[in-house]
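Visitor: Residue strings, one per chain:
There are 2 protein chains.
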Amino acid sequence: MNAEIIAIGSELLTPFRQDTNSLYLTAKLNELGVDVIFKTIVGDNRDHLTGAATLAISRADIVIFMGGLGPTEDDLTREAVAAALGLELYRDPEIVANLEKRFAARGSKMSPNNAQQADVIAGATILPNANGTAPGQWISEEYGGRDKTILLLPGPPHELKALFEEQCMDRLRAKLPPQYIATRELKVALMGESQCDQRIAPIYRRYPDVETTILAGTGEIQIHLKTRAPFLDEAQERLEELIQEIEEELDDFVFSDNGESMEQIVGYYLQMRNATLAVAESCTAGLLAQRITSVSGSSRYFLGGAVVYSNQLKTDFADVPPELIAEHGAVSQEVAAAMAEGIRKRCGATFGVGITGVAGPTGGTPEKPVGLVFHALAGERGTEVIQRNFPGDRKRIRWFASQMALDMIRRKLM
Amino acid sequence: MNAEIIAIGSELLTPFRQDTNSLYLTAKLNELGVDVIFKTIVGDNRDHLTGAATLAISRADIVIFMGGLGPTEDDLTREAVAAALGLELYRDPEIVANLEKRFAARGSKMSPNNAQQADVIAGATILPNANGTAPGQWISEEYGGRDKTILLLPGPPHELKALFEEQCMDRLRAKLPPQYIATRELKVALMGESQCDQRIAPIYRRYPDVETTILAGTGEIQIHLKTRAPFLDEAQERLEELIQEIEEELDDFVFSDNGESMEQIVGYYLQMRNATLAVAESCTAGLLAQRITSVSGSSRYFLGGAVVYSNQLKTDFADVPPELIAEHGAVSQEVAAAMAEGIRKRCGATFGVGITGVAGPTGGTPEKPVGLVFHALAGERGTEVIQRNFPGDRKRIRWFASQMALDMIRRKLM
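Residue numbers (the numbering used here), protein chains in the order written: chain A, 897 to 1310; chain B, 897 to 1310.
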C-alpha cells in the first residue's frame, strides 16, 4: 500500500512557509507499513486542486489532503475532492447545528460562510474535530477498479495530529495486512559523515531487511533504523542485533541508542554520579548553558556559570589571572584551563567547563584563525583541554564548540 | 508566467528530510515575477519521476527539477525528463573529459558509473557546475503549442544556489516581460497576531496591488510586503507609502522595517549610544547572552554576564542579597531588579539585565505559575521591571523572556 500527501494553501507556495505536517504523517504512515510515494503542494486554486486530486487518487492507494477545510472562499478542498471523485456534496444539518452551538458558546452569532464547513462528500464518514471548527472526512471509494482511501484533514498541526491519531490510525490499520514495524535511532558525536558511513556500511549492508538512513547535523550524526516483521519482538530483536554490531564498530562515539539528545545524556550521567556542573563561556557566550538548561530538571545538576566575553570578566568571574591572558592571549589552552578551574571553584561544582575561541567572521589571525576553539574540563583530579579548528560560519563554530564541551563531559562520566 | 518545482529523492519522502531548496527558488522566481503554482516531491523511481515530469511540463511554463543528477543508478532525472519530452540523451565527450580530469586531479581514477553525469538531453544548454560533478541543463522546448523552459539542477543547496544565481537568473529574466518587484519586511515585537492583523488589515486592504503576508513567530510577527511595477522606484515608493501607514498605526511595536533581527537592532542602538551591556540570567540561562552574541561584532557592546541558576550564584555573581531571596523568593520583582543592578555594577556596564522566572514544566506554584517571568533593566537613572505570564512550553517561555528583555533595551534606547 502506498500514499500521496497533498498540502493545500497558497502560503505554502511562498518563500516563507513550509509544509511540516507531512513529516508527521509520513512517520505515522511508515509505522503502519505504508510508503509515501508523492508529496504535492498546491495553492488555493480550484482547477489546480481538482487536477492534483484526480491525479493523486488515480496513482496512490491512500490520499491525504491537508488544509483548505475552513470557512473562507479560499477553502476549496471539499469541492475539489468531490469533483475529482464525481460525487455530490451535501450540507450536514448536525454539523451546522454544532457549529452554531460553538459560536453561541462564545457569545457570537455564526456568519453564513461558516456553514460550508458542514459540506460533506456523499458517502464520507465524518471525523469530528475536537480542536477546531472544520471536521475531517474519510472516504472509501472504488476508483479505476481499485479500493482507494481518501482523507480530508484540517491544516493546523494540532488539529491534524489529534484527529489523525485518534480517528484515522486504527481505521487505517484495520485496512492493512497485519505487520509490525520497529524503529530505533542511534546518535553519534563529532565524527565525519563519510567516515561514519565507511565504517558501518559493511555492517548494515548485511541487513537488507533493515532500512538504514544516515543524517548528518552539526557535530552529530543520526542513524535511523527501521524494519518490519510479522511479530513485534522479531522486528525489535533484528534491530537490536544490528545496533550491537554498529556500537561495537563505533564504540564510544555512539552517545545514544534511543534518540536522546546530547544534553539529556549529559544530564543523566551528572545526576547518576550526583555531580554538579558550572561553565565559563567566551565564544559560545551562553549557548552551552542554554543547551544544558533546555532539559527540564537541569537545576538538579547545573549550578550556572559566567559568560565572560571581555578579558576583565574572565578575571572577575572565573579568576583567570590577567598575566595569563597577557602572556598567552584570551584564546589559548592556558586560559581555557584557567576558566574551567576558576568557574569550578567559584561555583563549588564537581566539574567546571571553560570555552574560548574565535567564532568569527572577524577576529581571526594567521596564528589563531576563525574556528580555533579551546575546550577545558576541570574536575577533582585535574583539567583536560581539547583544541579544535572547526569549519563553517559563526553559528556552526559555536554549535560545534558547545557539542565538543558536552561530549567531553559525557566521555569523562561514561 | 508560472513555475512548478520538482524535488527528487527518496530521502525527501521520509519523516526526516525536507526539501528546503524550493524556498530559495521560490524567492528567486518571485523576484522575477514568476509565481510557483505547484511543488512536487517524488522519489528515485523511474515511472513516478517520468509521470511527474510529463504532468509538470504540461501544466507549468517553467519547470525546475532539483536533484537526481548524480552518478548512481538512483539518479534518474536526465532519463525521466528526456522520456517526458520525447527527446534523446547523448553522452557529451567534453563533460566526460572534465569529469576524468577532476578525478585525476584528486589522484583517483573515475569509476564508469560517473560517466552518466555527462548524459545531455538533445538540444539542452549545459550549465557547468563549479561546485560539484554533475552539470545542470537548460532546455527550451515547445510543448503542447506553448514555450516551455525546463531546468535540471543539482540537489546540494550550495551547488544549486550558485548555479541558479550565476547561470539561470539572467537567462530567465531575458525571457520574461520587463517588470520590477519590490519586497520589504516589517517586524513587530510582542504583539498578538490577531491584534496586529486587526489593526493593519484596514490599511493593507487599501493596497490591493501589494501582496501582504503575515507570519507569527514566538514574540515576533513578520509582515512581508511585495509589489510589482514597470519601474523599480515606483514599486519601492508604493511599499514605502504602505509601510509609513502601518508604522503610524503600530508605532513603536515595529522594531525593524528592513528584515533586521531583534538582536541586530539592539546591537545597533547600543553601538550608536556607545553603551555596553551585561546580563544576569536565571530561567533563560544563557539564551539571552547567546542571542546577543549571535551578531558578529557584538563584543563591542556586550561585556558578558552570569548564568545564575542557583540562589548562591545570584548572590556570588550578581550581588543579590540573600535576605532579598529569602523574603521575596528567587522569582520576584525584587530579585530581578537586584540581579540587573548587581550585574551592571559588577561588569561596569551601561546597562544591566536581570531575568528570573519559572520556565517549567515543573516548579510552578499557584502563586508563581509556570510562565511567570520578571525582566529587569538597570541603567544609570534607575531600574525598571516588567512582569509577564507567558504561555507555552519551556522552550517558548524562555524565548519569550529573552525577546522581552531585548525589547526593553530597544525601547529604552530608541
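Just so you know, not all the hints are guaranteed correct.
Calculated lysine-lysine pairs in the DSSO-like style (CA-CA distance at most 27 Å, straight line) [to be verified]:
id : chain 1 : residue 1 : chain 2 : residue 2
1  : B       : 1005      : A       : 1291
2  : B       : 1083      : B       : 1005
3  : B       : 1291      : A       : 1083
4  : B       : 924       : A       : 1291
5  : B       : 1057      : A       : 1291
6  : B       : 1291      : A       : 1291
Hints listed in this document are in silico derivations from the structure and should not be mistaken for laboratory results.
Visitor: Decide, hint by hint, whether the structure agrees.
Guide: Checked hints:
no. : hint                 : result
1   : 1005(B) with 1291(A) : violated, 37 Å
2   : 1083(B) with 1005(B) : violated, 53 Å
3   : 1291(B) with 1083(A) : holds, 22 Å
4   : 924(B) with 1291(A)  : holds, 25 Å
5   : 1057(B) with 1291(A) : holds, 20 Å
6   : 1291(B) with 1291(A) : holds, 19 Å
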